[in-house]
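The lines below spell out each chain.
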Amino acid sequence: MDITFSTDDLKFRDEVRFFFANAAPEDSRQLINNPDTYKQGVIQWQKKLFAQGWVAPFWPLEHGGAGWSATQSYIYECERVVAQAPDVVPFGLKMVGPVIYTYGNSEQKARFLPGILDGTDWWCQGYSEPGAGSDLAALKTRADRDGGDYIINGSKIWTTYAQYADWIFCLVRTDNSGKPQQGITFLLIDMKTPGITVSPIPSINGVNSLNEVHFENVRVPQSNRIGEEGLGWTYAKSLLAHERTAIARVADSRSRLDRVREFASSEHQGGRPMIMDEAFRTRFTTIEAELMALEYMELRVLAAMASNRSPGAESSLLKIRGTEIQQALHELTIELAGLYGCMIADDEASSADIGHSFGDQARKDFMYGRASTIFGGSNEIQKNIIAKRVLGL
Amino acid sequence: MNFSLTEEQQILQDSAARLVGQSYSFERRQQDVGSAAGFDPELWKQFADLGWLAIPFREENGGFGGEATDLMLLMEEMGKGLVAAPYLATVLLFGKLVEAGTEGHLCDDLLTRLIAGQLQGGVAFMERQARYALNDTCTRASRTSAGFVLSGEKTMVLNGPVADKLIVSARTEGSQQDESGISLFLLDTTTPGLDLTSYRLMDGQQVANVRLNNVQVKSGQLVGQENEGLALLQGVINKALPGLCAEALGLMTHLTNTTIEYTKARKQFGVPISSFQSLQHRMVDMFTACEETRSLIYRSVCSADKPDTQEHLRNLHALKVITGRRGKRVGNDAIQLHGGMGITDELDVGHYVKHLMVLNSLFGDADYHQQQLATLSLPV
Chain A
1 MDITFSTDDL KFRDEVRFFF ANAAPEDSRQ LINNPDTYKQ GVIQWQKKLF
51 AQGWVAPFWP LEHGGAGWSA TQSYIYECER VVAQAPDVVP FGLKMVGPVI
101 YTYGNSEQKA RFLPGILDGT DWWCQGYSEP GAGSDLAALK TRADRDGGDY
151 IINGSKIWTT YAQYADWIFC LVRTDNSGKP QQGITFLLID MKTPGITVSP
201 IPSINGVNSL NEVHFENVRV PQSNRIGEEG LGWTYAKSLL AHERTAIARV
251 ADSRSRLDRV REFASSEHQG GRPMIMDEAF RTRFTTIEAE LMALEYMELR
301 VLAAMASNRS PGAESSLLKI RGTEIQQALH ELTIELAGLY GCMIADDEAS
351 SADIGHSFGD QARKDFMYGR ASTIFGGSNE IQKNIIAKRV LGL
Chain B
394 MNFSLTEEQQ ILQDSAARLV GQSYSFERRQ QDVGSAAGFD PELWKQFADL
444 GWLAIPFREE NGGFGGEATD LMLLMEEMGK GLVAAPYLAT VLLFGKLVEA
494 GTEGHLCDDL LTRLIAGQLQ GGVAFMERQA RYALNDTCTR ASRTSAGFVL
544 SGEKTMVLNG PVADKLIVSA RTEGSQQDES GISLFLLDTT TPGLDLTSYR
594 LMDGQQVANV RLNNVQVKSG QLVGQENEGL ALLQGVINKA LPGLCAEALG
644 LMTHLTNTTI EYTKARKQFG VPISSFQSLQ HRMVDMFTAC EETRSLIYRS
694 VCSADKPDTQ EHLRNLHALK VITGRRGKRV GNDAIQLHGG MGITDELDVG
744 HYVKHLMVLN SLFGDADYHQ QQLATLSLPV
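Going down the list, the protein sequences come from chains A and B. So in this note's numbering, spot 233 of the first sequence is number 233, and the numbers just go up one at a time. With positions in the second sequence counted from 1, the corresponding number in this note's numbering is that position plus 393.
In case anyone wonders, no lab produced these hints; they're calculated from the structure. Mixed in with the good hints there might be a few duds.
Below, a list of computed lysine-lysine pairs in the DSSO-like style, where the Cα atoms sit at most 30 Å apart [unchecked claim]:
id, chain 1, residue 1, chain 2, residue 2
1, B, LYS657, A, LYS237
2, A, LYS179, B, LYS657
3, B, LYS657, B, LYS699
4, B, LYS657, A, LYS388
5, B, LYS721, A, LYS388
6, B, LYS699, A, LYS11
Nothing here was measured: the structure is a model prediction, and the numbers come from that model.
Required output: the full structure, derived from the provided sequences and hints.
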């Protein structure tokens, strides 16, 4: 039992460090942090990764992946966080891409995969509906056959960055007769098709990333269907475990913990740095010990994946603990800022004008961070999954 | 990166699981614990025959040169079966101190007998006023022409009533809280002036307070260097911690599994209570607690080859914090989900919980180790 890296792994780590040192991730990061230039920053960074051949390392080689081992993915992720480089947006690269190369036909692969890799096409995910959240199989958006097309009617909700999207991948209902999971079909829909409207849902952090997408008699060619009609649930579900593993964001939490330590050294109260405050020390080390456990839970999942066992219900465990720890860190950071955790910095008054460096960001992170235990299947749903599949309850 | 077991480790795990699973029932455990020694000498003989008493010792001392992984595997299985045996006291504490602090004929003789199952030991490091602080030592060892004379009282010595020999920490220099100036001495429990008060802990195991009334010892009874006993003792305790927590994990795993089985069988309102979501989620939390504990055991096992690094020490503190916190939670939930049955003496649940509580209070509880972790992680 050991976690030592092989010589090849260490060589790879140097390669990753060299890349980050030269790719100027901070330029893209700054663009991404500003809502007005967000999309530009994401695409700029994605193109750099694409040029390096690292934009979708976990994809099979023949589709443009890098053929990394689980250890290499882990090394990349650790180095990415140290370099404070942006993560890729998951909808194309981590969600629909794998569905297309696994279940799509050769025309679909040729048509869609290149645009996902090089950032030409921005994708969004059309799963949840106003009446179908945790109970996703209750979705009602209808797809009725009409000649060689489907006619789509219904609404999708919580669609992240739909306002930027060129394409949406959707689960739609093609049959009502059987069990709810049957009769669901996986469709790729061009966002420019007539009948689609996007309405923003301003969210709790004051940023507009979420939307509702309405479909009114939207005509979609059957050639945009992935696999067989009625099997969409199976296609979507088979890849959810990977999404959950990624949501744990273990390396990001480690880096945030380090930042909290720095904040606590600079924040003072009664002439003493907060790093000396007993309550703070207890909260910090509680999170630290839990994160140390999470880091090894992730390594164990990666090691299992490396020996070709898929991340099954363990990914639900990672999702639960990963998001709980993220939220505990957000909470500790905003409360460390004290009343400054309530401040809003904007064009009128910047953080520097107000006189506090991290209060504004702490508030945004805290507020939006509440979403992490809800999306990707709420943590309660993850517990249901573990109860059923692991504990046999 | 690799968390899989070698063939030898797999064999060790299998044989431990077999012994515990097939021939060590809960009824037998209760009988063993209730006996005068608090364990079955025949079982100890079996441990010796299986080579388990030799695992952590160097090959030149007749041991197997086992690693942290081996101890983890063995101790976890012992935890699952709630095995009553003084493995921690005799092998991991006394034996390892002998190996680290004595040499030549003395070391050979003691370890040969210990590995053969013919010697029981204990380590007397605790004092009434010290709680978990090992440095807080009042017991004095004053120099005489022939050696030393020891006076004071050590408390809660694991395996004390059964031990043939004890290693006792006493102050040869400095004041009560000093880290230096503590020395370790090897004593026969029959030494004149050494009085034992025997009692039991809540899990049934035998412990003793040891009163030293001007006990004469020779210089040759020193274990390790004079005045440098604390580091030696701390090093041996640190080596035992992953195994101790693995035993705790074994207990937690059993408690989780037995709770799952119970809720599936127990019917109320016409359905198994395992169908209730509030109970299901609590059991998921119990399972998660076990997985977190296991992850930190692996973590400290992986850094055990660098025992003096900050990294390893942080791993050990975090391990003790999480094992303590999650262990408490699993224990309490196991009792709660068993309902009234959970608080009976008849069911094994309460007995697992009590042993778990003892393990989690040994060598510092979660709060104590969290403070130690803070000293390393948040230096001021």
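These are the hints, each one checked on the structure:
1. B:LYS657 / A:LYS237: 28 Å, holds
2. A:LYS179 / B:LYS657: 27 Å, holds
3. B:LYS657 / B:LYS699: With a Cα-Cα distance of about 45 Å, the restraint between B:LYS657 and B:LYS699 is violated, given a limit of 30 Å.
4. B:LYS657 / A:LYS388: Within the cut-off at roughly 12 Å; holds.
5. B:LYS721 / A:LYS388: 25 Å, holds
6. B:LYS699 / A:LYS11: Given pair B:LYS699, A:LYS11 holds - Cα atoms ~23 Å apart, limit 30 Å.
Hint compliance for this structure: hint 3 alone is broken.
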